[in-house]
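Number of protein chains: 2
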Amino acid sequence: MSSSVSPLAPKTVPDMPVIAGIRLATAEAGIRYKNRTDVLLAVMDKGTAVAGVFTRSKCPSAPVEWCRAKLKGGKARALVVNSGNANAFTGKTGRASTALTAKIAAKAVGCSESEVFLASTGVIGEPLDATKFDGVLGRLAEAAEPGDYLAAAKAIMTTDTFPKVATATVKLGKAKVTINGMAKGAGMIAPDMATMLSFIFTDAPIAPAALQALLKSGVEDTFNAVTIDGDTSTSDTLLAFATGAAAEHGAPKISRASDPRLKAFVKAFNQVLANLAEQVARDGEGARKLIEITVEGAKTKASARKIAMSIANSPLVKTAIAGEDANWGRVVMAVGKAGEPADRDKLSISFNGIRVAKRGARDPDYDEAQVSEAMKAPEIAILVSLGLGKGRDRVMTCDLTKEYVAINGDYRS
Amino acid sequence: MSSSVSPLAPKTVPDMPVIAGIRLATAEAGIRYKNRTDVLLAVMDKGTAVAGVFTRSKCPSAPVEWCRAKLKGGKARALVVNSGNANAFTGKTGRASTALTAKIAAKAVGCSESEVFLASTGVIGEPLDATKFDGVLGRLAEAAEPGDYLAAAKAIMTTDTFPKVATATVKLGKAKVTINGMAKGAGMIAPDMATMLSFIFTDAPIAPAALQALLKSGVEDTFNAVTIDGDTSTSDTLLAFATGAAAEHGAPKISRASDPRLKAFVKAFNQVLANLAEQVARDGEGARKLIEITVEGAKTKASARKIAMSIANSPLVKTAIAGEDANWGRVVMAVGKAGEPADRDKLSISFNGIRVAKRGARDPDYDEAQVSEAMKAPEIAILVSLGLGKGRDRVMTCDLTKEYVAINGDYRS
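Just so you know, the sequences run in chain order A and B. What the first sequence shows, in my numbering, is residues 1083 to 1495, in sequence order. What the second sequence shows, in my numbering, is residues 1083 to 1495, in sequence order.
This is chain A alone, in the form it adopts within the complex (with noise of 0.2 Å):
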């Protein structure tokens, strides 16, 4: 764990309403960490509808395989997450692991064992003892409250240096209904499931199938459009639950994603998701500069996530960035790596709102000293046009620093 916050943090935090259904505990349960929390438990009213997406490593985490298993069922009553330890290439003895854990929650809530989904971050490879939880599961299902959000985010901390919430507040047919989420990730953090770990609460009454509709849509242009370094974990789990307690005043039940009184809602819960999204960014490992890359006139917006993902994801520009140097000769390097479709001579460039390039060379009303000044500032907008077409993207990243090479190498030395 890093000792001192990101500058990049938020500056302040939301107060994180209560939501009808959802109960929250967190214990210090020695799994890794000493004097922390590392076990959170959630539970859920009956009839709480559940959504996930995961990783796409061909390697993933046993807490992974299982709740993709549990997933089918669509009903929920527990999560349990843990950290310091991603029960990860462990092999038989994790997936025994797993069947444990699930066993102590089942017995602890009084639910079944495939209504219990589990998500663990921390070391790859490590056995993860499952008995550490048994009294500690029951002690939490006895104390959890309708409640602390925060709290629950920072027990599912690992190299994070603050913790990440976000919350909205909007209207379901004419019933308020509140989203709340929160996230962790600082390091392997690339796309396909870009955040180690996120969890969304609701009470908005949205039965499973359509729930898993409206997450895989909108993490796409959310979780999946941050990197860090383009390391994919093992262990990415993004969950929703919708406990449907606004129904009983008034929120209409919902069975599918394109129910155009979902619109309001939509809206909010992608919000919820970019908002953390963002969040994990600026808690990338050593990040000093929050990086926005916008690729527009691409062929397509496939094209243009590729290219800007290349750009998000070269070491040279995000060091370029961390040492305040508008390099884009290295942006253009980025873009000519990517494979897409791209044009030299009509590639503009701008860092900041300020044109370093234009048609393919540089641009003659470029001002050294005025771009200098504006690299100085904590978030970089990069603007690349490619002048093809009307294929559009942003993704976010940010600065490849020697405290990032710090965290991640010198542990041992």
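Bear in mind the hints are in silico, worked out from the structure with no lab data behind them. By construction, the Cβ of each residue, glycine as well, lies at the ideal position given by its N, Cα and C atoms. Treat the hints with caution; some may be incorrect.
[Stated by the list, open to error] Partner residues are not named here, just some residues of chain A that face chain B (Cβ under 8 Å, in silico):
#1 G1156
#2 A1329
#3 A1404
#4 K1428
#5 T1483
[Claimed, not checked] Stretches of chain A that chain B covers, calculated by requiring three or more beta carbons in the stretch to come under 8 Å of a beta carbon on chain B:
#6 1193-1207
#7 1350-1356
[What the hints assert, rightly or not] Quick list of the computed label-pair ranges, beta carbon to beta carbon:
#8 R1441(B) <-> R1114(A): 23 to 31 Å
#9 K1458(B) <-> K1428(A): 46 to 54 Å
#10 R1150(B) <-> P1446(A): 23 to 31 Å
#11 P1089(A) <-> P1460(B): 53 to 61 Å
#12 P1423(A) <-> K1154(B): 22 to 30 Å
Chain B: place on chain A using the hints.
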């Protein structure tokens, strides 16, 4: 330019023999650097065959476009290389600059402009003032001698910390032929032409089409199997020149790459390419460890390559090696994110011959102290056994250190 030589530099530099038909000269033209050579002119005798492979970047430099066009003729009389300015992303000015350089060189050497090959390396986006070559190239053409390959390799360096040369002598028919090579490259190194610039010279009488086939095939497991940072240059250029002078003392004229008499030559040619490619990895910016990654048991060789490159380009794997940490969990992560067939429960991983993971979990016989000791070596071999098929491949890279970040990010701060 870095002030200290990479600790991974070869301990000895080979004596570079003369190659009949090739004359070299270098000069200080003051393109960007002061008090060092920055221009190389190689003059070839009439009848010299040329072949080339180039960056696959969609935004190639002006010299790359020039060489691609001129390669169709198959004949070369002059090679002009400058360091300090890549003449990339310079628009019409760039094209005018290559045309003017070729004109000056053609006049100096007494050949057609279409027999002049150009390569530039250095900063992107700055116009290259070709008038600086006026006078310089004329003097170089007069001064050129069959010669000093090490001096030539020094003139083409940018952030390289040592000049890179390799040589081999081999029988072609009953005649002795020589192959000399040089390369430069330290950052912005990735597959699809790994090194930024490399030139191979031989006196073997090989026709252009055959030479092109040899080069294309040879590059696959040498330069294209090296990555420093996954960033592909806009300037990557590998040219091979065959003067044919060895025909005078009995070497057979070769018109097809499949000619069985070429067998020993091909082996030696590929060794020179492999030697130069490895030197590029040894001079990776900030490198302190040379990393060889072998993937075996993949479905195909192409699949093994993709997985090996995913490991080689992972910042988390590279920082772990920098920290002398046998962090096989990160290797699992990189295998998983490659998107190629892999079965977690069949996966085994070794570091420098010590197996740390076996069939999807930590190897029970794995001794942490022994592995920690092994990780102190300057050369680290990672072996990943997938257990799925017979596909096998090997790539070279280096670690990711704070020095890399400093070289690429600090120069403005």
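These are the hints, each one checked on the structure:
{"no.": "1", "hint": "G1156", "result": "27 Å, violated"}
{"no.": "2", "hint": "A1329", "result": "40 Å, violated"}
{"no.": "3", "hint": "A1404", "result": "4 Å, holds"}
{"no.": "4", "hint": "K1428", "result": "11 Å, violated"}
{"no.": "5", "hint": "T1483", "result": "6 Å, holds"}
{"no.": "6", "hint": "1193-1207", "result": "holds (count 3)"}
{"no.": "7", "hint": "1350-1356", "result": "violated (count 0)"}
{"no.": "8", "hint": "R1441(B) <-> R1114(A): 23 to 31 Å", "result": "25 Å, holds"}
{"no.": "9", "hint": "K1458(B) <-> K1428(A): 46 to 54 Å", "result": "51 Å, holds"}
{"no.": "10", "hint": "R1150(B) <-> P1446(A): 23 to 31 Å", "result": "28 Å, holds"}
{"no.": "11", "hint": "P1089(A) <-> P1460(B): 53 to 61 Å", "result": "36 Å, violated"}
{"no.": "12", "hint": "P1423(A) <-> K1154(B): 22 to 30 Å", "result": "25 Å, holds"}
Checked against the numbered hints given earlier, this structure breaks hints 1, 2, 4, 7 and 11; the rest are met.
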